[in-house]
Every structure is written in structure tokens, then in C-alpha cells.
Amino acid sequence: MNNKANKAIKYSLSFILAAVLLYFAFKSVDWAAFLSDIKQTRWGYVALFFAASVLALVFREERWRILLRQFDPDIRRISVWNAINISNVANIVLPGVGEFLRCGYVSTHKMSTDKALGTIVCERVCDVLAIIVIFIIALASGWSFFGDFFSNQLMAPLKEKMSFSLWWIALLVIAILVGYFVLTIKFEHKNEFFKTNAQLIRNLGIGIASIAHIKNKFLFLATTIGIWVMYLFMSWFMLLALPELSHLGFIDALFISGVGNIASVIPVPGGIGAYHYLVALCIQTLYGTAWETGIVYATLSHELHALLIIILGIISYFSHTMIRRK
22 MNNKANKAIK YSLSFILAAV LLYFAFKSVD WAAFLSDIKQ TRWGYVALFF
72 AASVLALVFR EERWRILLRQ FDPDIRRISV WNAINISNVA NIVLPGVGEF
122 LRCGYVSTHK MSTDKALGTI VCERVCDVLA IIVIFIIALA SGWSFFGDFF
172 SNQLMAPLKE KMSFSLWWIA LLVIAILVGY FVLTIKFEHK NEFFKTNAQL
222 IRNLGIGIAS IAHIKNKFLF LATTIGIWVM YLFMSWFMLL ALPELSHLGF
272 IDALFISGVG NIASVIPVPG GIGAYHYLVA LCIQTLYGTA WETGIVYATL
322 SHELHALLII ILGIISYFSH TMIRRK
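Count along the sequence shown from 1, add 21, and you get the number used in the numbering used here.
No wet-lab data here; the hints were simulated from the structure. Source: prediction; values computed, not measured. All the given hints hold, so there is nothing to weed out.
Okay, the calculated beta carbon distance ranges per label pair:
1) Pro94 with Leu115: 28 to 34 Å
2) Ala40 with Ala72: 28 to 34 Å
3) Ala68 with Phe208: 54 to 60 Å
Heads up, the beta-carbon is just placed ideally off N, CA and C, and yes, glycines get one too.
Kindly produce the complete structure, drawing on both the sequences and the hints.
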């Protein structure tokens, strides 16, 4: 089976999974109650939600630029900004494609695509650590309240799925990767294929290790904190926008944001379906609200953010085109 066929199957399964999750999220929705909740939305807080969303992207642009400048000190903010916005649109349609697209937009004669990809891997590691920290803070702040949902709704199903056979599959995958790495290093001077792959691995490693050579580590940390504080404000502003959830506090927003971010690891386009189901389940289980209330929150948060991403992506595409013409 060729590479195109593999990709077609992968993306088809991704869309099917998204459709299944959307079905389960919306199958029992009372649409009259759903529309009633939408009409009661406080749009001033939605405007603040948009503002926090844009600021999160600004912080993300600045953080990535800090890493990229180690390879290309002259890289412009507008180039990094456009690359992030265009790649975000690509990820809505095809998960994972955006990262490679991003690298293509910023790669120059001073910086190869694989080095740029290494910096993105570095960013992703930082984001995973941030999600873990958010969960720890939320759980430490209210284990008696959040702990039950975390243990029974998130961890218990995960343990059930992680059967003995899956552990063996995981070990097999790790063994294959280690074997591939060893063969690449051993035969890089004897075979052109392994030589190319060895260079790719080295450049990826250089990109990932770029965090250790940052001149202004404080600014990198500050932008990382800025990204996630804005995400938390997005969650909180959307709670305030809905009258039935407006009594919830910042710690609630913290936990709901953490649950929503779990959807990002599920291989569906833009978290569609996975985000809606997990967040609605969280809100209904923890706060005893109607399912529709959680779905309204998830729908407004997800779709309005997606709309912003698409608008910024279109603007950045035309901006990038105009810059190239000049």
C-alpha cells in the first residue's frame, strides 16, 4: 500500500471518529433548550474570549520566534505569525499537517525544515508539561470536588482500554524505533538512505535541544505562561458568558480547560467531537447542569475559536503572498 493510500485511510478514520464523537455529543440534545441558552449568551464576555484568544496566539508566535532565532537571527515576527495562523487552519482540516506546513513557511537557507520541526517538538513538550501542571493545580485546589470525575470519568476508562496486549504493542513500537535509530547510526556512511535519515535525526535533535541554548530563558518561560494564562481566561470568559455557568470561578475554568486539552491528543480534526463530548460530560457531571448547557459551552468555545483561526489564517495567507511578491 503506497503512502498516499495510507494517508487517505488515516484521515478518513480521523473524520469518521470525529463524526462518531459528534453524534454521541449531540444525539440527546434538546434543541429548544440549546437555542434558548444561545440566546441568553452575554456577548461582551465573548468579545473578551476573542481578545484572550488573539493574545494567546501572539504569545505563541513570540515563543516560537525565540527558538527560531537561534538558527535565523533575522527572522521576522510577521513571518512567524503568518506561519502559525496558516498552519492552524490546516490542522482544523488535517490533523498534524499544520506542523509541517509551519516549518515550510519559516525555513530559510540559514535554517532547514527539520531544525524548525525540532523546535515545534520542543514547544509541544512544553505544552504537555503545562497541561500536567494545570491538572495538578486544579486537583490540588479541589480534589474533593474534581477528584471523583478525574478518577472515574477520565482515568478509569483509560485503564480499561490499556489492556495487556496494548502494552506489548507499545513496547514493540519502541523496539522498532530504537532499532531504526541504531541501524541509521551504524550504516549512515555506507548507505545514502541511512545517511539522509541520520542528518534528519541530527537536525531534529538540534531543534529540540534549542531550548537549552536560549539566551533569554525568562522570556521563553514568560511567553509559555502567557499562552496558558490566556487559555484559562478564554475558559473563564466563556463561563461568564453563559448565565447558568457564570457563578463558576477561575479554578473551575482551570479544570474545564485541562479536560478540554485532553481532546487535543485524540486524533480528530481540530478536536471536533472529542472536545464537545469531554467538556459537556465534565460540566454535567461536576455541576449537575443539563447536557445542553455543557454542549452550548463547548460549541461556543470550539466553534468561535475555530472561526477566529480561519479568519486569521486567511488574512495571514494574503499577507504572506503580498510579502513574497515584494
